[in-house]
Amino acid sequence: MLPLLGTLVRRVRLIGNPLGVGQEFGMVQPMISFRADQLACRRGDRLIFQGLGFSLPPGGALLLLGPNGSGKSSLLRLLAGLLKPAAGQLFWGDEPLSDREAHAGRLHYLGHQDAVKPVLTVEENLLFWARLHDPETPDQRIAAALAAFNLKALAATPGKLLSAGQRRRLALARLLAAPAPLWLLDEPSVGLDRESVARLESVLAAHRATGGIVALSTHAEIALPGAEVLRLEDFAPAVEDVMGIWA
Amino acid sequence: MNRLVTVIQRDLRLALRQGSDSLMVVGFFVLTVTLFPFGLGPESNLLERTSAGILWVTALLASMLSLDRLFQGDYEDGSLELLALTPTALEILVMGKIVSHWLTTAVPMLVAAPVLALLLHLNEDAFPALMLSLLLGTPTLSLIGAMGAALVLGARRGGVLLSLLILPLYVPVLIFSVGAVDAAAQGLPVRGHLLILGGLLLAALPLAPLATVAAVRQAVE
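Just so you know, the sequences run in chain order A and B.
Under this note's numbering, the first sequence is numbered contiguously, ending at residue 247.
Under this note's numbering, the second sequence is numbered contiguously, ending at residue 1221.
Only chain B is shown next, with the shape it has when bound in the complex (with noise of 0.2 Å):
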């Protein structure tokens, strides 16, 4: 657990000392959302309705758009191939890293999140279910990301190879989350959309450290 510990302190630390990306993300999500009610027009009924598609979308690209910078500072300065020379399970270390992904940029996302959901009309019954599926669905949203993060180190253009793997993966957890939401505004209830969020994280908990260590070893080869 120490060294979990160990490498969460030291990439939050990074992240504080570079602010500027994780300001970045959160930026990033509230402007795109913000550009839907210009683009749409004012009109609350039609806001109303998309407004849950408009905030999963959004999360989801903003926390791709940070996704390279998980495994790609310590792949170029030499530091991926020392972690994976510590002696402990490297599962551990990225794990580490994951969370600390997680927490630099969906946790500011899950702050913004109400108030850009009170900028779109979101039906007031909804916002338990959108927190609910933000904290459910975010988690997962960085473990799968890890997995593309570490699969295109050393490739030429990552970025846009990184997209095209992993949003695909991404899509159940949209199509849950945004079902939980739509639910809920319309008095319906939320619980089996919630549960298969939750489902898709204990599947992915386990799965994606081990998909990623399997393809940081390859890189770090």
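Here chain A stands alone, though its shape is the one from the complex (with noise of 0.2 Å):
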């Protein structure tokens, strides 16, 4: 009961602060590290993976590899605070996770799906989810995200006529637009051309030098030099524990 009210008061809290004053929301937060520890990860009654690990210094990259199905996307929806994991703990510095609007504050989450409205320009498509992130958001801001991946032109084309790799460069131009420390990027090059792809491994390679952090995972080629490898295939539960539930 006492832990209930507490979520019930923070959360009282937080609608009184709809600004997050004081909470810094929106700005990058330096020299951080993020670190996960002895995760675990249950789907419906399977488990995908378990004991996975990582530490990743200010400026740097994971790069998750694997076949189908092995939890690429689930570590990532993990990673975001939209799946609780099964076991373990998430670390940012050295704090453990727990405040989960704090936490989406500093992240930026590309998954699938583009999230892109039709009937909503290219701008203002970009400008919604900026602001959501940062109300104060200024043009220049939003302009330089859309340059960084070729969409100038586009700006004011509705997002029905999108093509596929179109919506993809816009869903990636959302990185820029709000800054946040931490990316998390679900196969971010699918349906990008090579020139995409380029610009891309330059807005990875910028954002790292400024002390930001991305985890990404691919079936393509995407440079990330220095990137800590992980395969989830690694971290798979014995065949043993999969079929201990008969034994």
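One should not assume that every hint holds.
Short derived list, chain B residues pointing at chain A, Cβ under 8 Å [claimed, not checked]:
1. L1014
2. G1078
3. L1085
Every beta carbon over 10 Å from chain A, so not counted as near; a handful from chain B, in silico [unchecked claim]:
4. V1007
5. L1065
6. A1084
7. L1135
8. R1191
9. V1220
10. E1221
Simulated from the structure, these hints should not be mistaken for laboratory data.
Glycine included, C-beta positions come from ideal geometry on N, C-alpha and C.
These two chains come separately, so use the hints to put the complex back together.
Below you can see the structure in the form of structure tokens.
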């Protein structure tokens, strides 16, 4: 009962302070590491991975590899706070993650879907997500984000007229429209042409150069110099464990 | 507050650009109400007695008709996940979506209601009570409906399930709204009915967003 009351009080407080005054939302908190310890993930009654850990210094990168269904997307959703780990703990700096909103304020998550509204223009789509992260997003930052992914000429085009690759570039432009130190990218290069992949690589390099952290999963080649590589199949539970139910 | 306004602006813009959705709701309201005089016959006594019930039941169904698009679009294109990953309480964003749902569906019905009431020979003394009951009752409908809309995300045949979940919860609003209009038509005081409607709204205002957020988090997990 008491923890429930505590959560309720915290939520009411947060609602009473929707601007997040004093919570440094939307600002880059530089030079903090991101660490995971003994993570396990369960979907339904299937254990997908267990005992997974990593430690990313500021400027670090994590490359997730593995066959389909090995848990790359689940791990990224878990790092974003959309999923709860079945076991283990995440740390931002030295503190274990507990405040969902504070964590959401320091990350960008790019899933399989691009979240592009067909009736809004490219610029309106981008502006909405930027404003949600940082209500005082300046116009120059939107323009710079559009330019970085070569979307300037499409700024007034409605989302429904975009090709799959253009929609993907618009989703990627969100990363730059509102600053956040932690980027979680689920197969970011799907649908991108060679030139756009090169743009993405340079954006990732610039983000890491300022102390940002990147975790991404991919089946294609994306240059991430010095990245820590995690092969998800190494953390799959042993067959005996899976069969253990019947043993 | 800024983020609340951002969400309302975006949802209103979406609704205006896909204008057919809002027009469909008010169109359904007008057409269904005009069916009743054909079905019941043009007898003004009968229509006068049933008009409050007809208007309210139809408004309730029309409001429910539009609920499935409250979260469904955002759920399908991945926007809902991103909304859940915003550095602010999700309750605020959900509230913004509910407000814009009310503005795009209930407000056009509020405009159409007095004209339809005229068509149904509603006693002219009952017009203020009708408008007040709609003004107090329809926000409660949107709030309760949002809970159901979030709960059925990802379910097959969500629309049917939604009506099964939500219609029983609409009953108190219906009873006291129709009660208010009937009381006014008979020259009785309406204050009690309207106070209860206001109470229902005040109860739904904080509770419905909390429940909706819990359901949304479940859906994006």
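Each hint, compared with the structure:
no. : hint  : in the structure
1   : L1014 : holds (6 Å)
2   : G1078 : holds (3 Å)
3   : L1085 : holds (5 Å)
4   : V1007 : violated (8 Å)
5   : L1065 : holds (20 Å)
6   : A1084 : violated (7 Å)
7   : L1135 : holds (25 Å)
8   : R1191 : holds (31 Å)
9   : V1220 : violated (6 Å)
10  : E1221 : violated (6 Å)
Taken one by one, the earlier hints fail for this structure at numbers 4, 6, 9, 10, listed in ascending order.
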